[in-house]
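This is what each chain is made of:
Number of protein chains: 2
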Amino acid sequence: MRELIQYPNGIKREINNHQVAKETNFANRGMDFERAINDSNDYYLSRRIAVIHKKPTPVQVVKVDYPKRSRAKITEAYYRHASTTDYSGVYRGYYIDFEAKETKQKKSFPLKNFHPHQIEHMSRVIEQDGICFVLLYFASLDDCYLLEAKYLIPYFDCNQETRKSIPLSFIVEFGFQIEFEVKPRIPFLKVVDGLIKGGKENS
Amino acid sequence: MRELIQYPNGIKREINNHQVAKETNFANRGMDFERAINDSNDYYLSRRIAVIHKKPTPVQVVKVDYPKRSRAKITEAYYRHASTTDYSGVYRGYYIDFEAKETKQKKSFPLKNFHPHQIEHMSRVIEQDGICFVLLYFASLDDCYLLEAKYLIPYFDCNQETRKSIPLSFIVEFGFQIEFEVKPRIPFLKVVDGLIKGGKENS
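Heads up: the protein sequence lines correspond to chains B and F, in order.
Sequential numbering of the first sequence, starting at 14, is according to our numbering.
Sequential numbering of the second sequence, starting at 14, is according to our numbering.
Just so you know, the hints here were simulated from the structure itself, not pulled from any lab data.
Each hint should be verified, as a subset may be incorrect.
It does not matter which identical chain is meant; a pair holds if it fits inside one copy or across any two.
Once the Cα atoms are required to be at most 25 Å apart in a straight line, the calculated DSS-like pairs of lysine-lysine come out as [stated by the list, open to error]:
#1 68 - 114
#2 86 - 67
#3 196 - 210
#4 125 - 86
#5 81 - 125
#6 86 - 68
#7 86 - 114
#8 68 - 125
#9 125 - 114
#10 117 - 67
#11 67 - 196
#12 196 - 68
#13 210 - 163
Treat the numbers as computed from the prediction; the structure is a model and nothing was measured.
Could you put the whole structure together from the sequences, leaning on the hints where they help?
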């Protein structure tokens, strides 16, 4: 019982009615990586470790009906491209900002997953001393990496015309692999702890 | 040529077709306070002073059509209540988080402008050492105040059952009045500079 939903970026993602059965493994399954991140953020929030939320998908509302005695009903609207990254929040006084993307490829990560205005946003965040990165999930390998935006941005700027993707070897060299756990499922703040510590030692 | 739009929180806001004429003064005009804040954030962003964005209004999508050769069209959706504040971002390494609200009352600010889950969110942000506040606009007086969440939260928690609003005198005593300028229109980061400086002096 699956249906395909066309998302704003044109990626088709599978929705499975038997969501429960999928909870334990999110390899090869479109929405489960996002779900695993949201679960991790819920965990961090409930344990008062960090406050990180996914921004709502921006929607351009064209028509709204106001039926009597019931709530406003939007009858025509369209998805818009996000002008920022999807996730942001605060952790130990630090501003956290990231985008999460996945690919089915095994040797490289397609640059088309990122929009130029998102890259621009990441540059601005770094200028303000925010902690900014991408979480890259290789679904076929079931591997997840955290790559700081400071490595992604120059790669994107220099190569978007000529190369279409970031080689896995680049991500392995400059990024951090995240081992999955039970709680939270994607413990990315462990890597952030290292970034914070490294930043202080370097300054 | 005005029309009334019913927003999710039940507040009716006026939309004026002659938006340009309203730009210079936003007293007594519903949407202009929000616009003035957005303009201020645009200014801060364009000058590379801060990266602060309004989060998209959350929408629960129920039905989507996929017409051939055109983009996905949402045909049934509903507004949802935001679970966080409307604005967040980063400034000089600090996480900034705030909500902006206005009233036509002259002597107090109604507490019904804030939802318990927003107050809860503000508490979590403060725990993580984020800078959290509300911008309160008294439309009839054309006065704007910044009140730190640390003063709003206990007031809300203690008084939401008994009192329905925060007296202006409380806001004047514990908040900071913001004088309007041309660029940016609502220079709230001036107050934030003071909070950062004060915080460092106190620590």
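Results of checking the hints against the structure:
When the C-alpha separation of residue 68 and residue 114 is checked against a cutoff of 25 Å, the pair qualifies both within a copy, at 15 Å, and between copies, at 20 Å. Taking the shortest Cα distances, residue 86 and residue 67 sit within 25 Å of each other both inside one copy (24 Å) and across copies (23 Å). In this assembly of identical chains, residue 196 and residue 210 lie within 25 Å of each other by CA distance solely inside one copy; the values are 23 Å within and 38 Å between copies. Taking the shortest Cα distances, residue 125 and residue 86 sit within 25 Å of each other only across copies (23 Å), while inside one copy they are farther apart (34 Å).
With identical chains, the CA atoms of residue 81 and residue 125 are at most 25 Å apart between copies only, with a shortest distance of 23 Å across copies and 45 Å within one. Taking CA atoms no more than 25 Å apart as the test, residue 86 paired with residue 68 passes in both settings, with 22 Å inside one copy and 21 Å between copies. Taking the shortest alpha-carbon separations for residue 86 and residue 114, only the inter-copy value of 24 Å comes in at or below 25 Å, while the best intra-copy value is 32 Å. Taking the closest pair of Cα atoms, residue 68 and residue 125 come within 25 Å of each other both inside a single copy (21 Å) and across two copies (24 Å).
Taking the shortest Cα distances, residue 125 and residue 114 sit within 25 Å of each other inside one copy (11 Å), while across copies they are farther apart (39 Å). Proximity of residue 117 to residue 67 under the C-alpha cut-off of 25 Å is restricted to the intra-copy arrangement: shortest distance 23 Å within a copy versus 33 Å between copies. Taking identical chains as interchangeable, the C-alpha atoms of residue 67 and residue 196 lie at most 25 Å apart only when both belong to the same chain, with a minimum of 19 Å there against 31 Å between chains. In the homo-oligomer, the alpha carbons of residue 196 and residue 68 lie at most 25 Å apart inside one protomer (22 Å), although the nearest pairing across protomers, at 28 Å, exceeds that limit.
Taking identical chains as interchangeable, the C-alpha atoms of residue 210 and residue 163 lie at most 25 Å apart only when both belong to the same chain, with a minimum of 17 Å there against 29 Å between chains.
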